[in-house]
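K.L.:
Letter by letter, the chains look like this.
Number of protein chains: 2
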Amino acid sequence: VDYQHVQVPFEITLWIMLASLAKIGFHLYNKLPSVVPESCLLIFVGLIMGGIIYGLNDKSPPVMDSDIFFLYLLPPIVLDAGYFMPSRPFFENIGTILLYAVVGTIWNVFGIGFSLYGICQVKAFQLQDVSLLHNLLFGSLIAAVDPVAVLAVFEEIHVNEKLHILVFGESLLNDAVTVVLYKLFRSFCEMPSIKSVDVFAGVGKFFVVGLGGVLVGLIFGMTAAFTTRFTKDIRVIDPLFVFLYSYLSYLTAEMFHLSGIVAIIACSMGMKRYVEANISLKSHTTVKYFMKMWSSVSDTLIFIFLGVSTIGENHEWNWPYICFTLIFCLVWRALGVLVLTFFVNRFHVNTITSKDQFIIAYGGLRGAICFSLVFLLPDFHRKKLFIAATTVVILFTVFIQGMTIRPLVDLLAVKRKRESAPTVGEQIHIRFLDHLLAGIEDISGHWGQYYWKDKLEYFNSKYLQKILLREYDQPKSSIVLLYEKLERKHAIELAEAGQLGHAPSHPSLLNNDRTVITDKKLEDTVNPDVLEDIQEILARNLYRIRRTGPAYNRHTLPGETELVEHAKKILILRHKSL
Amino acid sequence: VDYQHVQVPFEITLWIMLASLAKIGFHLYNKLPSVVPESCLLIFVGLIMGGIIYGLNDKSPPVMDSDIFFLYLLPPIVLDAGYFMPSRPFFENIGTILLYAVVGTIWNVFGIGFSLYGICQVKAFQLQDVSLLHNLLFGSLIAAVDPVAVLAVFEEIHVNEKLHILVFGESLLNDAVTVVLYKLFRSFCEMPSIKSVDVFAGVGKFFVVGLGGVLVGLIFGMTAAFTTRFTKDIRVIDPLFVFLYSYLSYLTAEMFHLSGIVAIIACSMGMKRYVEANISLKSHTTVKYFMKMWSSVSDTLIFIFLGVSTIGENHEWNWPYICFTLIFCLVWRALGVLVLTFFVNRFHVNTITSKDQFIIAYGGLRGAICFSLVFLLPDFHRKKLFIAATTVVILFTVFIQGMTIRPLVDLLAVKRKRESAPTVGEQIHIRFLDHLLAGIEDISGHWGQYYWKDKLEYFNSKYLQKILLREYDQPKSSIVLLYEKLERKHAIELAEAGQLGHAPSHPSLLNNDRTVITDKKLEDTVNPDVLEDIQEILARNLYRIRRTGPAYNRHTLPGETELVEHAKKILILRHKSL
Numbered sequence: 001v002d003y004q005h006v007q008v009p010f011e012i013t014l015w016i017m018l019a020s021l022a023k024i025g026f027h028l029y030n031k032l033p034s035v036v037p038e039s040c041l042l043i044f045v046g047l048i049m050g051g052i053i054y055g056l057n058d059k060s061p062p063v064m065d066s067d068i069f070f071l072y073l074l075p076p077i078v079l080d081a082g083y084f085m086p087s088r089p090f091f092e093n094i095g096t097i098l099l100y101a102v103v104g105t106i107w108n109v110f111g112i113g114f115s116l117y118g119i120c121q122v123k124a125f126q127l128q129d130v131s132l133l134h135n136l137l138f139g140s141l142i143a144a145v146d147p148v149a150v151l152a153v154f155e156e157i158h159v160n161e162k163l164h165i166l167v168f169g170e171s172l173l174n175d176a177v178t179v180v181l182y183k184l185f186r187s188f189c190e191m192p193s194i195k196s197v198d199v200f201a202g203v204g205k206f207f208v209v210g211l212g213g214v215l216v217g218l219i220f221g222m223t224a225a226f227t228t229r230f231t232k233d234i235r236v237i238d239p240l241f242v243f244l245y246s247y248l249s250y251l252t253a254e255m256f257h258l259s260g261i262v263a264i265i266a267c268s269m270g271m272k273r274y275v276e277a278n279i280s281l282k283s284h285t286t287v288k289y290f291m292k293m294w295s296s297v298s299d300t301l302i303f304i305f306l307g308v309s310t311i312g313e314n315h316e317w318n319w320p321y322i323c324f325t326l327i328f329c330l331v332w333r334a335l336g337v338l339v340l341t342f343f344v345n346r347f348h349v350n351t352i353t354s355k356d357q358f359i360i361a362y363g364g365l366r367g368a369i370c371f372s373l374v375f376l377l378p379d380f381h382r383k384k385l386f387i388a389a390t391t392v393v394i395l396f397t398v399f400i401q402g403m404t405i406r407p408l409v410d411l412l413a414v415k416r417k418r419e420s421a422p423t424v425g426e427q428i429h430i431r432f433l434d435h436l437l438a439g440i441e442d443i444s445g446h447w448g449q450y451y452w453k454d455k456l457e458y459f460n461s462k463y464l465q466k467i468l469l470r471e472y473d474q475p476k477s478s479i480v481l482l483y484e485k486l487e488r489k490h491a492i493e494l495a496e497a498g499q500l501g502h503a504p505s506h507p508s509l510l511n512n513d514r515t516v517i518t519d520k521k522l523e524d525t526v527n528p529d530v531l532e533d534i535q536e537i538l539a540r541n542l543y544r545i546r547r548t549g550p551a552y553n554r555h556t557l558p559g560e561t562e563l564v565e566h567a568k569k570i571l572i573l574r575h576k577s578l
Numbered sequence: 001v002d003y004q005h006v007q008v009p010f011e012i013t014l015w016i017m018l019a020s021l022a023k024i025g026f027h028l029y030n031k032l033p034s035v036v037p038e039s040c041l042l043i044f045v046g047l048i049m050g051g052i053i054y055g056l057n058d059k060s061p062p063v064m065d066s067d068i069f070f071l072y073l074l075p076p077i078v079l080d081a082g083y084f085m086p087s088r089p090f091f092e093n094i095g096t097i098l099l100y101a102v103v104g105t106i107w108n109v110f111g112i113g114f115s116l117y118g119i120c121q122v123k124a125f126q127l128q129d130v131s132l133l134h135n136l137l138f139g140s141l142i143a144a145v146d147p148v149a150v151l152a153v154f155e156e157i158h159v160n161e162k163l164h165i166l167v168f169g170e171s172l173l174n175d176a177v178t179v180v181l182y183k184l185f186r187s188f189c190e191m192p193s194i195k196s197v198d199v200f201a202g203v204g205k206f207f208v209v210g211l212g213g214v215l216v217g218l219i220f221g222m223t224a225a226f227t228t229r230f231t232k233d234i235r236v237i238d239p240l241f242v243f244l245y246s247y248l249s250y251l252t253a254e255m256f257h258l259s260g261i262v263a264i265i266a267c268s269m270g271m272k273r274y275v276e277a278n279i280s281l282k283s284h285t286t287v288k289y290f291m292k293m294w295s296s297v298s299d300t301l302i303f304i305f306l307g308v309s310t311i312g313e314n315h316e317w318n319w320p321y322i323c324f325t326l327i328f329c330l331v332w333r334a335l336g337v338l339v340l341t342f343f344v345n346r347f348h349v350n351t352i353t354s355k356d357q358f359i360i361a362y363g364g365l366r367g368a369i370c371f372s373l374v375f376l377l378p379d380f381h382r383k384k385l386f387i388a389a390t391t392v393v394i395l396f397t398v399f400i401q402g403m404t405i406r407p408l409v410d411l412l413a414v415k416r417k418r419e420s421a422p423t424v425g426e427q428i429h430i431r432f433l434d435h436l437l438a439g440i441e442d443i444s445g446h447w448g449q450y451y452w453k454d455k456l457e458y459f460n461s462k463y464l465q466k467i468l469l470r471e472y473d474q475p476k477s478s479i480v481l482l483y484e485k486l487e488r489k490h491a492i493e494l495a496e497a498g499q500l501g502h503a504p505s506h507p508s509l510l511n512n513d514r515t516v517i518t519d520k521k522l523e524d525t526v527n528p529d530v531l532e533d534i535q536e537i538l539a540r541n542l543y544r545i546r547r548t549g550p551a552y553n554r555h556t557l558p559g560e561t562e563l564v565e566h567a568k569k570i571l572i573l574r575h576k577s578l
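First to last, the protein sequences are chains A and B. Taking full-length UniProt numbering, the leading residue of the first sequence gets 1, the next gets one more, and so forth. Taking full-length UniProt numbering, the leading residue of the second sequence gets 1, the next gets one more, and so forth.
Just so you know, not all the hints are guaranteed correct.
The list cannot tell twin chains apart, which means a pair is met if one copy fits it or any two copies do.
Claimed, not checked - Pairs of lysine-lysine residues, derived as BS3-like cross-links and limited to a Cα-Cα distance of at most 27 Å, are as follows:
| # | residue 1 | residue 2 |
| --- | --- | --- |
| 1 | K417 | K232 |
| 2 | K272 | K282 |
| 3 | K453 | K31 |
| 4 | K466 | K232 |
| 5 | K195 | K282 |
Derived from the structure by calculation, the hints contain no laboratory data.
Pulled out of the complex, with its shape left as it was, chain A reads as follows:
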């Protein structure tokens, strides 16, 4: 046995396999996932596995490597989130989301940092050696809401679209703030003295990190769209470019210390409409499917690793510090949401209700990003304390908040996502109002969101589409396409109900018996793809028919003729309807 040779890919494959099998296992029992969120179950599996490894080896199980997390596990999830981001609610609420993500996160960081520093001054807790800067650094990593955890929980509880996008958008966009503050405090920790210039540089850096991420993302997104213009002859590598370019945007942003998450979101949101128009339908199915698959596996691995890494001897259990961390996380978030929403509601007609505010505050789950960041801290003597506090906060938020949020949503009767999709009439009216508002803004000279949307749309159709789309002038308008779709749908229904015989055309196919359909005619009327499908079915199934009929073969058992009977019955029915 030569295990070493194949070790790396073998273990990676086994981990993925374990994760997938765990996922299947949960879904075999239908009741379990409806009570406990999948993320909790996966962490639980991780905890058990970590316990087994710890018990067998008598040393701490391997900790999730921060590089692996940030370079390989996080990007697929963020890509999936960005690509399937509902862009209308996102852009409608972008102001509120940014307020929560930027001001809210800064509020939390400093709130948690300073109040923990206050706790450290209490002599009884033996924490005097934790400096203010260390507390702020800790605050910067523990304050940020985690997109992976939020997505895992909120996908299952189906709150209304606005609430969902507020929490989820915040968790994605706060990455820029977290990156800047974390790196700032880390470099301050290593500096002998801090000048006020450094603080201002930090503020400037925030804009660079955030906007730089958007810029990098858009550049790669547009390049991706442009590239897919030329893949007509080699359809098979269409999907590749979507993945390659978005991953490159993430890596490039990380390379320049910009926000990778923001970059990949800008890239995927930017390229989506062009790529969709350029690539074939099958390619697009593959892209969507694979993105979902990949993010689902990443997500599973992250939660399992989170569980495994929790077990071990990396922790310093100073309970006062840990408990106060947890309390401050909850209190400052609740306060922050209340204060910010107060201002938001003053400027909006469609206000955020107090129920919604509660869910936003309560949905502030922490997850694997905090966990990876705390392990990336420079070594100092209280690092294990921070690790312990982070672990407790993550487990508390994911388990306690994650499991109780669904009953709470039920209890408070929070407005849910509407079950049915909006009707065509509603859609048309919404569009009409958009155009009306854009017109009003245009005339009144007010530069509101509709005005900018209109400008952007103009720029898009005037320049971008000509460069990025393979076939710029689409021949059919949407109404015609819709009509055709309805007609086709109707025709299929008619065919399935057997009422098509009244149509006088194509008598060759309908008025003869099915066995009389000659090969020649078949080839004339059926396109090659369909024919191939048919042949595949024939090739696979003809054998079975013979088997089930009374044949010369020794192995034939009586009573296997149901299928044939079934087919006969259908044929008789059809003959009647003709």
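Starting from the known structure of chain A, arrange chain B on it as the hints suggest.
P.N.:
Only chain B this time, still in chain A's reference frame:
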């Protein structure tokens, strides 16, 4: 800039990107790929890149790592080959394929090894220090036809199915022989003395390696089929299992020193029919698409790396040895094919013509497997000579033979692959003959291929299907399915031709004007998926309609009303037809 942090994934992504862009580039000029095979172009790109790297750094460019090749690049190609292997011609010719793969490869190894040893005895060539064992070792790696190179060339020339499967099947199955002989001679090289026991052990090992590979593959294939029974609730990870299990089969086989290629082929061929029946249609599209995409990228990377690795100072240019290697490779292969085909033709009615024999001999391309194996050789003073000889043989076969094989096929008028798929009538007759022959063999007590196929099919439907398929009793027979497909196809055609109005049913949809279709009715008649599509189209396109019409907006240009005109014209047409 923090490049080191992201170096590994960044460089991998860039290489894949380069490969994909190169592929797009070739296909932009339609004439190029029809003259030169893609593999040649890719090696050429690699050579140029290698030259640039060499020129800039003044040292040899990095050589393709054998581990990367065998662990990451080869498996996707073999998986693709196995999954899409046409099973009927493969099993019909399995005897001939095995003869070529096993006896033919052994013949080539010893032929080339011994005759090169003869060349080494010529004093003028200064090669006396190359021992017989080293020559045999070299023979074992240079003798094997390469599946990647064969696939790349034969996919483009479209020879008839039998010829294709003979060359391609041989190139896949000779892996078992190559592995055994290569490892045997390598261990002999390191042994002080060779006993006859070792030689016998080698012969036994061959069966272990080949049949062990098949066994490992089948076990993983069946497990994969069994696993996909339970993925009903989480469709999104369906495709994952196909990839995970086949990769695991490859790695497991490699771990136990069995033939990984044989294992992955057995795995994919074994699981295919069950997996196809279990997973959803979209999952299956993703599986197929991704497999093609992945193998296409792997293939591209291999040829580019092959080019890059050729440049450098790893070579010892002893021209007599190199030239004789090339000549012996060609001569022994030609002789082998002639002799083996003579025996094959004596036992078959459907003989292999002399033209076919020529193409089989001429299609014996060498590729990246030889190249990786020669770098894996233990260090000894003539290794660079072997590297040079291997490089020349690969480049000669891929460039000269690869580029001339298409004109030769044209010139000899080799029987091509039939353009059209076999008609339904033919298919039914082929099936009928199969059953007839199985019956004849059954009655006469002869255990031929039809007998075994029948037995296998019985075992499959009696036991395997019950265990491995999610829904064992498929409700509809193939004929009914075929009929339904035709009806649906016909209905769509009618709808597109606008002749559906005669049908009296569903007046709500047809007899009213399209604008009168109320939302309620739409929801009743259209299923949610279709509705979602429609809404997406509306959401994306309604804006454009407004833009193109005469509107209040400042940016509207005259002359953009074509789309609206087009839509109107279609509507008028439709009204007439009603």
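K.L.:
None of the hints should be skipped; say for each whether it holds.
P.N.:
Cross-check of the supplied hints:
no.: 1; hint: K417 / K232; result: between (39 Å within a copy, 25 Å between copies)
no.: 2; hint: K272 / K282; result: both (15 Å within a copy, 20 Å between copies)
no.: 3; hint: K453 / K31; result: neither (45 Å within a copy, 44 Å between copies)
no.: 4; hint: K466 / K232; result: within (17 Å within a copy, 43 Å between copies)
no.: 5; hint: K195 / K282; result: neither (57 Å within a copy, 59 Å between copies)
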